[in-house]
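Number of protein chains: 2
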Amino acid sequence: MSGLERVLVIGAGLIGTSIALALRERGHQVWLADRDSATARLASDLGAGMVAPDLRDAKGIADVAVLAMPPDFVAAGLAFAQECAVADVYTDVASVKAMPVRQAREAGCDLETYVPGHPLAGREKRGPAAARSDLFLGRTWALCPLRENAPFAVDAVTDLALACGAVPLRVDPRTHDEWVALVSHAPHLVSVAMAARLAGPGVPAQALQLAGQGLRDVTRVAAGDPALWAQILAGNAGPVAEVLSAVAADLDAAARELAAAAGATGAAPGMAMVTGLLGQGNAGVARIPGKHGGTPPELAVVQVVIADKPGELARLFNTAGEAGINIEDIRIEHSPGLPVGVAELSVRPSAVAALLDAMEAGGWPVRR
Amino acid sequence: MSGLERVLVIGAGLIGTSIALALRERGHQVWLADRDSATARLASDLGAGMVAPDLRDAKGIADVAVLAMPPDFVAAGLAFAQECAVADVYTDVASVKAMPVRQAREAGCDLETYVPGHPLAGREKRGPAAARSDLFLGRTWALCPLRENAPFAVDAVTDLALACGAVPLRVDPRTHDEWVALVSHAPHLVSVAMAARLAGPGVPAQALQLAGQGLRDVTRVAAGDPALWAQILAGNAGPVAEVLSAVAADLDAAARELAAAAGATGAAPGMAMVTGLLGQGNAGVARIPGKHGGTPPELAVVQVVIADKPGELARLFNTAGEAGINIEDIRIEHSPGLPVGVAELSVRPSAVAALLDAMEAGGWPVRR
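Chains as they are written, first to last, in this note's numbering: chain A, 1 to 368; chain B, 1 to 368.
Do not take every clue at face value.
One copy or two, it doesn't matter: identical chains are merged, so the pair holds either way.
What the hints assert, rightly or not - Only pairs whose alpha carbons sit at most 16 Å apart, straight line, appear in this in silico EDC-like list of lysine to aspartate or glutamate: (1) K309 - E322; (2) K59 - E312; (3) K59 - D88.
Hints in this document: simulated from the structure, not taken from any laboratory. Since we're looking at a predicted model, the values are computed, not measured.
Can you build the whole structure from these sequences, using the hints too?
Structural data, given as structure tokens:
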């Protein structure tokens, strides 16, 4: 049997410390361990819990131990923690699941008490100083129960995800890896491959002056840490390769169709493949869940030109708030060369008229 | 000789009407023509100018005529307008340039007075009702002077771009097309190819529950109108095919390297290609100009959890504004399943401390 009163977090990085902070806020007792003792002390100083004793002297210290370390280290970390019998139940948070599970099995770990997990949350920063107790609030937390798992272990790890404010989603390790390959790892490399073209020889800086918001969106994630991403991709290489290969084939077919159209004289050949792909793209985007977990209502976008100075956005939001309008999303468009910006406010269609009224009353010109 | 006092806009869609509105605000006299007379009347009712007489009766009506129509129609539109001698100078706004220029040359148009152009601005909506006088504010406006162009014609079209608040950038038509293929058309299809995978057979809705902000960014533009994009891609097929082919080759090579790594037993083979591509991706993103036309300063991001209710963002921006802090950008992260959101505020690094102070004073918990 296991509860969740006492939790040992092994690995006090961004994710581990964020879990610790979330649990501390709920009154759980948290122990912190890290192979770098200064990191564990920093996390402790941030209010994430107490520094744990050497794990060899920590038998039975926790109900649940969380292995918050990169995928390559999970199996070895689990074997050691179980050898020290530090907890009744074990989980991890690595972003790939099949590899650590296979390695844990090969290492002879006790799989009755190890429930693999993966909270879908992160930041562009790393380390305990970047941790936040609310990091998992409303995010999906994938749980990958194994056939060997004891029910009490699955329950304890589910409670852990819930205690962090996350939404647990059960999925087997192989399927998990296929899903994150599709929604995270492959899209990352697709973004990278497009961004890499911008750094190609013969691309002058002036060409980038023609860049709009679309290019910025498509390539934003390509700014991520190459070393970290090389690790992630290597750890999920098979499923990522499968998605990338399909994307590459589609792009190659599109390129061939376009090249044929460009070379044609007289009546241009058809664009059936490209047209079909554009439609499939529409269908794919429509499947991504929006705010609050549901299908996004078709939000209406209202654009407002704002001066690029302190207080201007405040005035705008005040005006909307006073009119009782909930702004669902906002995007500020950059205006190269000018000290103004365009704020794109997303609201429910039913709120558009009231928002336009409010903007007009507040002195922002609107077009009806 | 030509001034810019009297402008005839032929094609009262989003771009044409926006140009008209911008010119009207500056006191220029604007005539509006459209093959659909109701569209021209609507634009006129919106304050964009007066409905022009039939072009056959409009000789000398304008200093500059703007052909605001899709690329396929530009050459024919130009030939007709020049036959009617409606203006001293002509320009267009189509998003591809080599094709209309070639067609205009083939049609025997007067190239002394036709200066091709392309304002880099747009909206996801179409038609005169979506037009805005500030659409071009701070945006790049590509001008593609031809060797046949008279200097006064180039000056007049340059003045037109400036009058709309845009930043003119001179480039020859072929180079223009290569550049927009790289920064707009190819990225669009890359986004589409990734998004299309999400609609593939065997992708359950649950897989999309693992989607984060990265996937949303990469695939956002793939929601665009397929019919419109098929046209755009066909009109710039050669340059787009070249970029796509290179991206496809990189993705295919990455897929092969990952597949080899996945299939390897014992020591994994190297990931030299993928690692190199990740680095190139970083370099590419760094070349995209940021706010105000310059290289973006490294902005710091501060994350604040906000309740999803009217007035909350206003209170947050008030607090920042009162502290004299200029928020450079904002992104609201969705929290599926929970009525809270995370506002990511981008500020200059020098403003972070003051922002954290202000947030804390305003009752938002911050982590230092």
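Structure-based check of all given hints:
Proximity of K309 to E322 under the C-alpha cut-off of 16 Å is restricted to the inter-copy arrangement: shortest distance 12 Å between copies versus 21 Å within a copy. When the C-alpha separation of K59 and E312 is checked against a cutoff of 16 Å, the pair qualifies neither within a copy, at 57 Å, nor between copies, at 47 Å. In this assembly of identical chains, the alpha carbons of K59 and D88 lie at most 16 Å apart only when taken from the same copy (10 Å versus 89 Å across copies).
Checked against the numbered hints given earlier, the structure breaks only hint 2 and satisfies all the rest.
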